[in-house]
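Enquirer: Please construct the entire structure, taking both the sequences and the accompanying hints into account.
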Amino acid sequence: MTVGIIDYGMGNLLSVKNALEILGAEVSVCTQPQDIYRVDKIVLPGVGAFTDCMSNLHSKGFVEALNENVMKGAKPILGICLGMQVMARKGDENGGCPGLGWFDAEVVRLTPQDSSLRIPHIGWNNIAFNLNSPLFGGLPESPDVYFVHSYYMKCGSADNVDATFDYSGIFTAAVRKNNIMGTQFHPEKSQDIGLKILDNFLRWNP
Amino acid sequence: MIKRRLIPKLLLKRSKYGNKVALVTSVKFCDHIEIGDPVSQAKIYQAQMVDEILFLDIDASRDGRDFLLTDIIHKVADQLFMPLTVGGGVKSIDDFRALLLNGADKVSINTYAVRDPGLIRKAAGIFGSQCVVLAIDAKRDKDGVYKIWIKGGEEETGLDLVKWAVDGEKLGAGEILLTSIDNDGTRMGLDNELIKKVAEAVSIPVVASGGCGLASHFVDGFIKGKADAIAAGTYFCFKDENPMQVRSQVKSAGIPIRIFT
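Protein chains in written order, with the working numbering: chain A, 1 to 206; chain B, 1 to 261.
Honestly, the hints are just simulated from the structure, not real lab data.
All of these numbers come straight from a predicted model, not from anything done at the bench.
Do not rely on the hints blindly, as some may be mistaken.
What the hints assert, rightly or not - Keeping only pairs whose Cα atoms sit at most 25 Å apart, straight-line, the calculated DMTMM-like set for lysine to aspartate or glutamate is: (1) B:Lys20 - B:Glu154; (2) A:Lys41 - A:Glu93; (3) B:Lys122 - A:Asp199; (4) B:Lys226 - B:Glu169; (5) B:Lys170 - A:Glu93; (6) B:Lys170 - A:Asp92; (7) A:Lys196 - B:Asp78; (8) B:Lys224 - A:Asp114; (9) A:Lys60 - B:Asp94; (10) B:Lys75 - A:Asp199; (11) B:Lys226 - A:Asp114.
Expert: And the structure:
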């Protein structure tokens, strides 16, 4: 099985690639839209701003290839951090920008009720996950994972939310719908817990 | 609940014994002692489940030379699956990109942010605020007023501490790494007054550093200093103490922190 990591000029590809390889996956970095047609599963990483991410995906021609492989071809995909956020209908950052539209969701700024809490939300926070989620099988209860972000994905349907975190308010930590998964946190940076989550993605047959 | 973080700080310097990068400790930004290899040391910290690792090339901006960090961070990122912050001599968007592509998650800037504050805004615009750490090295003058120093503690800037921290946040920094030059390597405790001044003025996380010598110093830094994370070099490097011991003491003080059973 080959996992393709989308390289659209943003994000820490190296850590994701190393983590997947340690877990035994064959990894191919997809620098061209046509590369996506040759892989079995897809990882969409990302750091930075929503608008830049979408404009890079568009300008490199990835949007159409992603839609064909994920929506029509039903290939399993994992979005990480911004790579998950762009799966939403729209992002609020810098005046608003349409996303890939795979989830009925909007990406909005984190608003903890306790205003003394810091933004960005950086560091280790525990998540509450859906026990039936294939992404979190075999994990201890309430595991700590590594987050670094200022925006979060506000989902229209609770059915799509597979995990949440508490930051003086409950926010989306992971989403899932059919063959699509996403995590707000960084599994590739979350030590043993994170590697287990990536391993679960590799074993997942939606 | 978000946890406070323990961050070993690995200071890197060109070795006196040949053309390689050595791990060193320092006292008040001087008196460097070579103590080993950064990559193997980082692996030990990974095994001890620290929350993040910080790598600083401490004489890159002093010498004005190119940094050595890219290779080191690449080697580390091959083997470690945890957050890595890297800095020292970072002076351009290209430096940011090179470090991020080689496995860094966050990049800290200090000297060249003071020289060109626009670099903070530019880097945050391209890579996101969460990647940009503003490092501030502070030292009291003879009247006890905090002054900001750059070039590894060699040049005073005349900048106001709190104003520079607030400006850094406005420009787009996502975190502040605050080091007390006076307390660095002394093991006498953190400068909690310094940390609190900055932590109360900004709304981004503050990583405090300089002076930890006892596990209780970490507790003080979190409670009195209001630090979100504490970075320590000398304290962890000499192995008399380890992150697990600190963790349990911090936990006992009622501070949220990751615990492993």
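Enquirer: Hinted pair, alpha-carbon criterion (25 Å max): Lys75 of chain B, Asp199 of chain A. Please report holds or violated.
Expert: holds (23 Å)
Enquirer: Does the structure keep Lys226 of chain B and Asp114 of chain A at a Cα separation of 25 Å or less?
Expert: Holds: Lys226 of chain B and Asp114 of chain A sit about 16 Å apart, inside 25 Å.
Enquirer: Below or equal to 25 Å on CA atoms is what counts here, so check Lys41 of chain A against Glu93 of chain A.
Expert: violated (29 Å)
Enquirer: Between Lys60 of chain A and Asp94 of chain B, is the straight-line Cα distance small enough, at 25 Å or below?
Expert: Measuring from Cα to Cα gives roughly 21 Å; hence the hint holds.
Enquirer: Check the hint pairing Lys20 of chain B with Glu154 of chain B against an upper bound of 25 Å on the C-alpha distance.
Expert: The hint holds at about 24 Å.
Enquirer: Between the alpha carbons of Lys170 of chain B and Asp92 of chain A, is the straight-line distance 25 Å or under?
Expert: Roughly 19 Å separates the two Cα atoms, so the pair holds.
Enquirer: Hey, Lys170 of chain B versus Glu93 of chain A, does the alpha-carbon distance stay inside 25 Å?
Expert: holds (16 Å)
Enquirer: Regarding the pair Lys226 of chain B and Glu169 of chain B, is the alpha-carbon distance no greater than 25 Å?
Expert: holds (17 Å)
Enquirer: For the pair we were handed, Lys196 of chain A and Asp78 of chain B, check the Cα-Cα distance against 25 Å.
Expert: Holds. Lys196 of chain A to Asp78 of chain B sits at ~18 Å (cutoff 25 Å).
Enquirer: Checking one constraint from the list: CA of Lys122 of chain B to CA of Asp199 of chain A, max 25 Å. Satisfied?
Expert: violated (36 Å)
Enquirer: Within 25 Å, alpha carbon to alpha carbon, are Lys224 of chain B and Asp114 of chain A?
Expert: holds (20 Å)
Figure legend: structure checked against the earlier numbered hints; hints not met, in rising order: 2 and 3.
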